[in-house]
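Engineer: So you can see what is in the structure, the chains are spelled out below.
Protein chains: 2
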Amino acid sequence: MNPLLEIFSQGEEIIRGQITDTNATWLSQHSVQLGFNVVRHTAVGDKLADLVLLLQEIAQRADCCLCTGGLGPTTDDLTAEAVAKAFNLPLLFDDTAYAQIKQFFAHRGRAMPESNSKQAWLPTGAERLDNDMGTAPGFAVKFQRCWFAFMPGVPSEMQHMYLAKILPSLTGRFQLHPARLITLKTIGMGESAIQECIAGVTIPHDVQLGFRAAEDVQVKLLFPFAYSELMLRQLVADIAECLAACVYAIDGLGEESGDLVATLDKLMLSGGHRLAVLETASQGLLAAKCLGMEWLLSASYIQSLPRVATQFSLVPMTDDIIAFAKIIARHLQQQQGADFALVQLYAEQRDILCDKNQSIIVHTVLLAGDMYQHETHSIGGTLQRKQKQAALMSLDVLRRYFLTRKPNTSTQSQ
Amino acid sequence: MNPLLEIFSQGEEIIRGQITDTNATWLSQHSVQLGFNVVRHTAVGDKLADLVLLLQEIAQRADCCLCTGGLGPTTDDLTAEAVAKAFNLPLLFDDTAYAQIKQFFAHRGRAMPESNSKQAWLPTGAERLDNDMGTAPGFAVKFQRCWFAFMPGVPSEMQHMYLAKILPSLTGRFQLHPARLITLKTIGMGESAIQECIAGVTIPHDVQLGFRAAEDVQVKLLFPFAYSELMLRQLVADIAECLAACVYAIDGLGEESGDLVATLDKLMLSGGHRLAVLETASQGLLAAKCLGMEWLLSASYIQSLPRVATQFSLVPMTDDIIAFAKIIARHLQQQQGADFALVQLYAEQRDILCDKNQSIIVHTVLLAGDMYQHETHSIGGTLQRKQKQAALMSLDVLRRYFLTRKPNTSTQSQ
Numbered sequence: 001m002n003p004l005l006e007i008f009s010q011g012e013e014i015i016r017g018q019i020t021d022t023n024a025t026w027l028s029q030h031s032v033q034l035g036f037n038v039v040r041h042t043a044v045g046d047k048l049a050d051l052v053l054l055l056q057e058i059a060q061r062a063d064c065c066l067c068t069g070g071l072g073p074t075t076d077d078l079t080a081e082a083v084a085k086a087f088n089l090p091l092l093f094d095d096t097a098y099a100q101i102k103q104f105f106a107h108r109g110r111a112m113p114e115s116n117s118k119q120a121w122l123p124t125g126a127e128r129l130d131n132d133m134g135t136a137p138g139f140a141v142k143f144q145r146c147w148f149a150f151m152p153g154v155p156s157e158m159q160h161m162y163l164a165k166i167l168p169s170l171t172g173r174f175q176l177h178p179a180r181l182i183t184l185k186t187i188g189m190g191e192s193a194i195q196e197c198i199a200g201v202t203i204p205h206d207v208q209l210g211f212r213a214a215e216d217v218q219v220k221l222l223f224p225f226a227y228s229e230l231m232l233r234q235l236v237a238d239i240a241e242c243l244a245a246c247v248y249a250i251d252g253l254g255e256e257s258g259d260l261v262a263t264l265d266k267l268m269l270s271g272g273h274r275l276a277v278l279e280t281a282s283q284g285l286l287a288a289k290c291l292g293m294e295w296l297l298s299a300s301y302i303q304s305l306p307r308v309a310t311q312f313s314l315v316p317m318t319d320d321i322i323a324f325a326k327i328i329a330r331h332l333q334q335q336q337g338a339d340f341a342l343v344q345l346y347a348e349q350r351d352i353l354c355d356k357n358q359s360i361i362v363h364t365v366l367l368a369g370d371m372y373q374h375e376t377h378s379i380g381g382t383l384q385r386k387q388k389q390a391a392l393m394s395l396d397v398l399r400r401y402f403l404t405r406k407p408n409t410s411t412q413s414q
Numbered sequence: 001m002n003p004l005l006e007i008f009s010q011g012e013e014i015i016r017g018q019i020t021d022t023n024a025t026w027l028s029q030h031s032v033q034l035g036f037n038v039v040r041h042t043a044v045g046d047k048l049a050d051l052v053l054l055l056q057e058i059a060q061r062a063d064c065c066l067c068t069g070g071l072g073p074t075t076d077d078l079t080a081e082a083v084a085k086a087f088n089l090p091l092l093f094d095d096t097a098y099a100q101i102k103q104f105f106a107h108r109g110r111a112m113p114e115s116n117s118k119q120a121w122l123p124t125g126a127e128r129l130d131n132d133m134g135t136a137p138g139f140a141v142k143f144q145r146c147w148f149a150f151m152p153g154v155p156s157e158m159q160h161m162y163l164a165k166i167l168p169s170l171t172g173r174f175q176l177h178p179a180r181l182i183t184l185k186t187i188g189m190g191e192s193a194i195q196e197c198i199a200g201v202t203i204p205h206d207v208q209l210g211f212r213a214a215e216d217v218q219v220k221l222l223f224p225f226a227y228s229e230l231m232l233r234q235l236v237a238d239i240a241e242c243l244a245a246c247v248y249a250i251d252g253l254g255e256e257s258g259d260l261v262a263t264l265d266k267l268m269l270s271g272g273h274r275l276a277v278l279e280t281a282s283q284g285l286l287a288a289k290c291l292g293m294e295w296l297l298s299a300s301y302i303q304s305l306p307r308v309a310t311q312f313s314l315v316p317m318t319d320d321i322i323a324f325a326k327i328i329a330r331h332l333q334q335q336q337g338a339d340f341a342l343v344q345l346y347a348e349q350r351d352i353l354c355d356k357n358q359s360i361i362v363h364t365v366l367l368a369g370d371m372y373q374h375e376t377h378s379i380g381g382t383l384q385r386k387q388k389q390a391a392l393m394s395l396d397v398l399r400r401y402f403l404t405r406k407p408n409t410s411t412q413s414q
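Residue numbers (UniProt numbering), protein chains in the order written: chain Y, 1 to 414; chain H, 1 to 414.
Read the hints as simulated data drawn from the structure, not as lab findings. Cβ coordinates follow ideal geometry from the N, Cα and C atoms, glycine included. Heads up, some of the hints might be wrong.
Pairwise CB distance ranges, derived in the manner of DEER restraints [stated by the list, open to error]:
1. Y:Gln56 / H:Asp206: 52 to 62 Å
2. H:Pro306 / Y:Gly271: 16 to 26 Å
3. Y:Thr318 / H:Ala245: 44 to 54 Å
4. Y:Gln103 / H:Leu230: 44 to 54 Å
5. H:Gln208 / Y:Arg108: 21 to 31 Å
6. H:Thr318 / Y:Ser169: 54 to 64 Å
7. Y:Ala199 / H:Ser156: 43 to 53 Å
Anything over 12 Å on all C-beta distances counts as not near chain H; from chain Y, calculated [claimed, not checked]:
8. Lys85
9. His107
10. Asn116
11. Thr124
12. Glu191
13. Tyr227
14. Leu230
15. Ala323
16. Asp339
17. Phe402
With the rest of the complex left out, here is chain Y:
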């Protein structure tokens, strides 16, 4: 059984919503990788009574607690005082800490403000954790079942202290058996559809299956420590087979794969391809997602189908929008000197685009060399959702083209 770990953040700015608690995210990631069972995040403000109560609760509940914030020089920085009170460990003046704080200011040619001397008072018996990046020393104490480490709230100072001072303590103090997370990233199927699709695969009782739907849908498998590599790879392969072409990347088996654009980047670079894009429903977002990709030569957003036609001196063909998109793709390819041209069109009027209760039909045509490939998607929801999904679906046509180019796979040419 992995030790239970909690994250505790002190700060009015956090609980008032002025800043987002990214420290909790960072510490959680590191703790999970290390093999802790992270069970709770809590953030409270600068009320002493709340802090004291929370520390006492955690001391009974968790084996380890990583704490950030409240170590500063001002009166609303209450962590050391709260620890002293909660665990009955009166504050003691730490000469070494005081000398370090003085030195911090001396190095910068400044006198130490009197308020900073407060930071040299640490709970009785606490282990001081030196801060190489700022004035606030951290400290660690064990109380009841829980080992607490207190760090500054400034992310750069916190991260440095964690890596330099706390990580070595954690691996020394705890017997850790890290689980292994495998993530299958998919495009083209909803969360429920994926669940049904993989229902035939038996998930062993000690493997946790989870889903995360953002723009793409991710299938997550959490394997216990020292799980058989062979069985792990077989299970991942079984699920990947069910989801087939929807899987665009798998994380956790070796090097991390990144998002869809990172996948496309590898494919485009390996073939030395160059792409020109015409986008409509995704309104610039397709280009924006490909930030910094050298293979994207140009991407034009044009507001309406009639305007697209005018731009290419054509008569719009609303009865056969795919044929129309193919003609435009050919023009675009030649005009931009690209071997690949991607054209995204939809025929609906503006009021349908803006209506969250109505869907638009988005057609994407890819011209790759002299081969056409196309896909059609119905996209509903708000204007923002339509924009995001249109960008993703059209980019995915490009990825799927490369799948058809694999050996032993027939090529779809139309």
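For this one, chain Y is given, so just place chain H on it according to the hints.
Structural biologist: Relative to the frame of chain Y, chain H by itself:
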């Protein structure tokens, strides 16, 4: 005394650090503005026992609790079950919720997966909160001293449900004495520059001054409940005067102003203008930011300066990039039949664009009718930061054009 409010988030992804809990931030901001005393954020994963215990704790501690996550169709979505267990309110099948979920899929031309029927089971006596944006209905229950509202974890669905369904309940149920927040939104000055600029304005001791730097820089003034309207407006006016043309919107004085694009929308619509854009450094993001704006006829991203020249059958003029941008703006205006044309160019090579330690010089030319206006900005930082800042700075040239068009202001024509 303002009522105590807690935020509770359910999600393994949050406590494992796979995503950051931005819902807690968003809900805290709104709750504080409304007059709640936000005292704690807690996030737990999908362990039923943890959830049950936490709900029981909160029911004794807070007057109100806003909860997100765990309402999905999958087996790891446990919120309704946890509420049923914690408060002894067995789950009941809600016919209306079921009909709504079915309709959600019907609207999208898909059959409802069987797993989604789980979302129609709500705790006995709970008030159903309809979800206009997704399949998961929310619900609200009162237990002991605390009124709980449960919302989906997907931020867009959560925000919509909060604004449409929960906000009206909160203002009806609680006696709130909100502080009043005024936000001056600026573009074109850094945080330190703004601080120096307004240093001469006396801020009364009971008014809180704060800053938030994201893409723009926001100056925030928090006034206590029932503060004199006259004195409030005078202080805001004094600060706005110091910051002059950098202020693009002020929130909190009447109707909300939204972001820069919302400000532009009003200006463009009132003049019946139409805009064509050529963007380079912002790579599609300028267009993406103007999502749904009818006045944006087209926006082309072109990768490099030589490619821009080729596209317009011109020879690039790297020695006078502004003159070159003006020529292109004229072409674009005619080609697209727009009265306004905005051209963004930079001359640096790709390696400088991608290097976070180097800056690029971004030139933006606006051709409005037959009048040119231009601005030049040095933009540093990561590729992502350069993209965002370039989009913002170029759009801001459009806003500043309208400032010069105000009566009694001389027009800059070059």
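Engineer: Check each numbered hint from earlier against the structure, then list the numbers of those it violates in ascending order.
Structural biologist: 1, 7, 12
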